[in-house]
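If you read the protein sequences in the order shown, they are chains V and S.
Taking my numbering, the leading residue of the first sequence gets 136, the next gets one more, and so forth.
Taking my numbering, the leading residue of the second sequence gets 136, the next gets one more, and so forth.
Calculated from the structure, these hints are not laboratory results.
No experiment lies behind these values; they were computed from the predicted model shown.
Some hints here could point you the wrong way.
Quick list of simulated restraints, FRET-style, between CB atoms [claimed, not checked]:
| hint | chain 1 | residue 1 | chain 2 | residue 2 | range |
| --- | --- | --- | --- | --- | --- |
| 1 | S | Gly252 | V | Tyr318 | 16 to 24 Å |
| 2 | V | Arg345 | S | Tyr318 | 35 to 43 Å |
| 3 | V | Asp324 | S | Asp324 | 55 to 63 Å |
| 4 | S | Lys280 | V | Cys316 | 33 to 41 Å |
| 5 | S | Gly149 | V | Gln176 | 31 to 39 Å |
Ideal Cβ placement from N, Cα and C applies to all residues, glycine included.
Protein chains: 2
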Amino acid sequence: MKNIKLTIQYDGFGYSGWQIQPDRPTIQGEIKKALASLTGQNITVNGSSRTDAGVSALGQVANIEIDSPVPTENFARALNQRLPDEISITEAVNVDSEFDAISDTKTKLYRYTIYTGNNRPVLNIRHLWHRPGKLDIEKMNIAAKKLIGKHDFKSFASAADQRQSSVRTIFQCSVKSDGDCVYIETEADGFLYNMVRNIVGTLVEVGRDRWEPEFMDKILETKDRAAAGPIAPAAGLCLMWIKY
Amino acid sequence: MKNIKLTIQYDGFGYSGWQIQPDRPTIQGEIKKALASLTGQNITVNGSSRTDAGVSALGQVANIEIDSPVPTENFARALNQRLPDEISITEAVNVDSEFDAISDTKTKLYRYTIYTGNNRPVLNIRHLWHRPGKLDIEKMNIAAKKLIGKHDFKSFASAADQRQSSVRTIFQCSVKSDGDCVYIETEADGFLYNMVRNIVGTLVEVGRDRWEPEFMDKILETKDRAAAGPIAPAAGLCLMWIKY
Chain V
136 MKNIKLTIQY
146 DGFGYSGWQI
156 QPDRPTIQGE
166 IKKALASLTG
176 QNITVNGSSR
186 TDAGVSALGQ
196 VANIEIDSPV
206 PTENFARALN
216 QRLPDEISIT
226 EAVNVDSEFD
236 AISDTKTKLY
246 RYTIYTGNNR
256 PVLNIRHLWH
266 RPGKLDIEKM
276 NIAAKKLIGK
286 HDFKSFASAA
296 DQRQSSVRTI
306 FQCSVKSDGD
316 CVYIETEADG
326 FLYNMVRNIV
336 GTLVEVGRDR
346 WEPEFMDKIL
356 ETKDRAAAGP
366 IAPAAGLCLM
376 WIKY
Chain S
136 MKNIKLTIQY
146 DGFGYSGWQI
156 QPDRPTIQGE
166 IKKALASLTG
176 QNITVNGSSR
186 TDAGVSALGQ
196 VANIEIDSPV
206 PTENFARALN
216 QRLPDEISIT
226 EAVNVDSEFD
236 AISDTKTKLY
246 RYTIYTGNNR
256 PVLNIRHLWH
266 RPGKLDIEKM
276 NIAAKKLIGK
286 HDFKSFASAA
296 DQRQSSVRTI
306 FQCSVKSDGD
316 CVYIETEADG
326 FLYNMVRNIV
336 GTLVEVGRDR
346 WEPEFMDKIL
356 ETKDRAAAGP
366 IAPAAGLCLM
376 WIKY
């Protein structure tokens with residue numbers, strides 16, 4: 136039995152998220168199908184992040200326990216031949232039998248992209264939030280910095296989040312602009328359900344001068360989802376990498 | 136009656152090309168629907184380029200003759216509210232009643248994108264040709280230069296092309312690379328059916344060292360489609376602009 140770590144990229148548009156659902160196309164479901172086609176076996180794909188419908192990834196990680204004569208160095212190519220164009224395995228390597236893609240995660244980084252120009256960016260619209268209007272990047276960065284550190288992020292968790300603790304540690308949270316594009320990058324040891332999208336929606340309220348950056352402290356203290364900004368659309372979100 | 140010139144951007148993926156077809160989504164069809172919703176009228180959308188299924192545009196041009204109380208400066212916004220995300224009117228201006236988007240075209244430029252890296256570029260795969268393997272850009276440019284000028288491009292026209300003359304003038308044809316991306320730009324006073332994609336397919340045969348650049352002269356002389364290279368996929372093609 137081998138334990139193989141897969142690094143996975145996908146365009147989440149048109150998929151109902153990572154996690155397998157009956158009668159809906161999902162990333163995990165497509166990889167499971169490709170594995171069944173390659174090996175004839177029913178293999179569990181243990182993915183680190185359960186990304187939502189419409190969310191993309193350039194560095195999702197999963198592990199699979201498998202007994203297959205296919206050499207691991209040929210695994211990525213063999214799976215890619217069986218996967219749709221929107222999904223790609225960029226690396227497959229043997230790892231220790233103890234490795235678990237979920238519980239061994241140290242940190243992960245999400246990037247969120249906002250397009251602030253007036254014209255609809257037709258070629259990239261599936262991978263960003265089109266929100267016309269300038270944003271105050273400096274103020275957004277002041278607010279973003281307040282999130283760095285170990286905090287209870289309950290105000291940024293969807294009510295659907297069932298996890299026991301809402302305490303997480305954010306290691307970086309920065310806002311950069313390049314022309315009409317704004318990029319928000321957040322690295323943490325873990326994220327609550329919809330946490331990045333709720334942070335982005337809140338930072339945009341600061342960037343459009345509805346809230347002062349100092350209001351971020353109050354939102355954190357309140358521990359109430361209603362205190363933070365509206366959720367940002369899924370399309371702008373991309374899981375960039377996971378560290379172990 | 137006003138004559139309005141529209142500049143149009145679209146993601147061609149998922150559409151059966153520019154031209155209206157029964158029971159299929161087309162760019163012209165969607166714009167016609169948006170115009171009907173806005174004005175209640177059945178308006179002809181006279182587009183300069185009949186782009187194929189899967190081909191995108193950042194600078195398609197069309198004109199419409201219309202009798203509407205909507206001020207022209209509000210037209211783009213009003214249409215965009217009625218168009219799908221993949222289609223956008225970037226400009227609407229009043230033009231001379233004689234202006235015809237097809238016959239008044241002076242030149243137009245198409246850009247073709249090839250991705251030569253091994254990993255499938257999942258986020259851009261709808262807008263490029265994924266063809267792993269290095270290409271010899273220098274040789275491709277020598278071959279591309281031979282196409283510049285007034286020539287009979289019959290060897291690069293699809294057999295389905297019904298136009299009387301296959302003589303066209305190419306003003307520029309260049310190949311550039313940026314990392315793993317290769318961009319081929321071609322400006323001409325007009326293009327035969329599938330002409331750019333057949334040129335790209337031929338240049339790739341040169342770039343992968345199957346043909347010497349000098350072979351391009353022979354292909355032009357032969358005036359036979361069978362002499363040129365295979366057609367490149369539609370996904371890599373984008374209409375960049377049209378000059379009048």
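Here is how each hint holds up against the structure:
| no. | hint | result |
| --- | --- | --- |
| 1 | Gly252(S) with Tyr318(V): 16 to 24 Å | holds (22 Å) |
| 2 | Arg345(V) with Tyr318(S): 35 to 43 Å | holds (41 Å) |
| 3 | Asp324(V) with Asp324(S): 55 to 63 Å | holds (60 Å) |
| 4 | Lys280(S) with Cys316(V): 33 to 41 Å | holds (35 Å) |
| 5 | Gly149(S) with Gln176(V): 31 to 39 Å | holds (34 Å) |
Violation of the numbered hints given earlier is absent; every hint is satisfied by the structure.
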